[in-house]
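Q: The lines below spell out each chain.
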Amino acid sequence: MTFSFTPIIGGALIGLSATILLAFHGKVAGISGIFSGALSGEALSWRAPFLLGLLASGVIVPLTGDQLGLHEAFSNSVPRTLWVTGLAGLLVGFGTRLGSGCTSGHGICGLGRASKRSLAATLTFMFTGAVAAFVTQHLIFDLIKQS
Amino acid sequence: MSTFISLLSGMIFGLGLIISGMTQPGKVIGFLDITGDWQWDLMGVMGGALGVHALTRLFVIRREEPILGGAFPRFTLEVDRHLLGGAVIFGLGWGIAGFCPGPAIVSLATLDANIVVFVVMMAIGMRAAKRLQS
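Heads up: the protein sequence lines correspond to chains V and L, in order.
For the numbering used here, add 969 to where a residue sits in the first sequence, where the first one is 1.
For the numbering used here, add 4 to where a residue sits in the second sequence, where the first one is 1.
Hints are computed from structural coordinates only; laboratory data are not their basis.
The reader is advised that the hints may include incorrect statements.
[To be verified] Taking CB as the label site, the calculated pair distances span:
(1) 39/L x 1014/V: 26 to 36 Å
(2) 66/L x 1050/V: 49 to 59 Å
(3) 137/L x 1096/V: 19 to 29 Å
(4) 974/V x 116/L: 24 to 34 Å
Where is the CB? At the ideal position from N, CA and C, for every residue including glycine.
Turn these sequences into a full structure, and let the hints guide you.
A: Next comes the structure, spelled out in structure tokens:
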């Protein structure tokens, strides 16, 4: 692996975004909560533009091309059959609602306010994430990869 | 103003996810799988985000209320089995596909079938959890 500073810079932007949302709207920048709330049609006045901004970043940033070195934005995909991807999506959706948050809500906003709940959740999903990544990469890789 | 702020923070959030490498599932799985070619520099995402957010929020919460009105959120304090069970399940999905909710939504821009399926199933999973809890 070649070390890169870009994760820290990107992380700083994420932290800044979370503070802007808190300062102006008094809301937590937890993506799973924002997405599922919007699905239920709750408080769309701030949720819808936030999600639109997220979507727009995915369209606009790659257009900047090589100048920012961001042309690899969506590279590095992993070979998974659609069934496996769908199962993973189901687990992520179900788990984040049952557990009231995802990487952003618990891992950044929650830890940012020193919440014990979020620390417990973050350590837990980091651990099971590591287990799942190990199992999929080393034990059952040939079964689930897209041919 | 209110709409613009939301849109702007969504865009900054997405830009941060892209710059940090979180929209590259192979990189995320390389971080979670510590036995492979460990992509430990992804720890910097949480480091950078936490560092900035934890510090800047201290200035924010000195205020009585948010700049555009309303109230600051109140939080549950207990660690319960829903929280931990949910985190277990979320982690498994994250480790299998390398996507958590934010990067998946940003990656919809690619219109890749895998991403679309992931987000649709994620939405179904959220509805199911909500129904179960109500």
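Q: Given the hint of 49 to 59 Å, is the C-beta distance from residue 66/L to residue 1050/V inside that range or not?
A: With a Cβ separation near 51 Å, residue 66/L and residue 1050/V satisfy 49 to 59 Å, so the hint holds.
Q: Falls inside 19 to 29 Å, the C-beta gap from residue 137/L to residue 1096/V?
A: holds (24 Å)
Q: Range hint 24 to 34 Å: satisfied by the CB atoms of residue 974/V and residue 116/L?
A: For residue 974/V and residue 116/L the Cβ distance comes to about 28 Å; the hint holds.
Q: Regarding residue 39/L and residue 1014/V, is the given constraint of 26 to 36 Å on their beta-carbon distance met?
A: Violated - the Cβ-Cβ distance for residue 39/L and residue 1014/V, about 46 Å, lies outside 26 to 36 Å.
The structure shown violates just one earlier hint, number 1.
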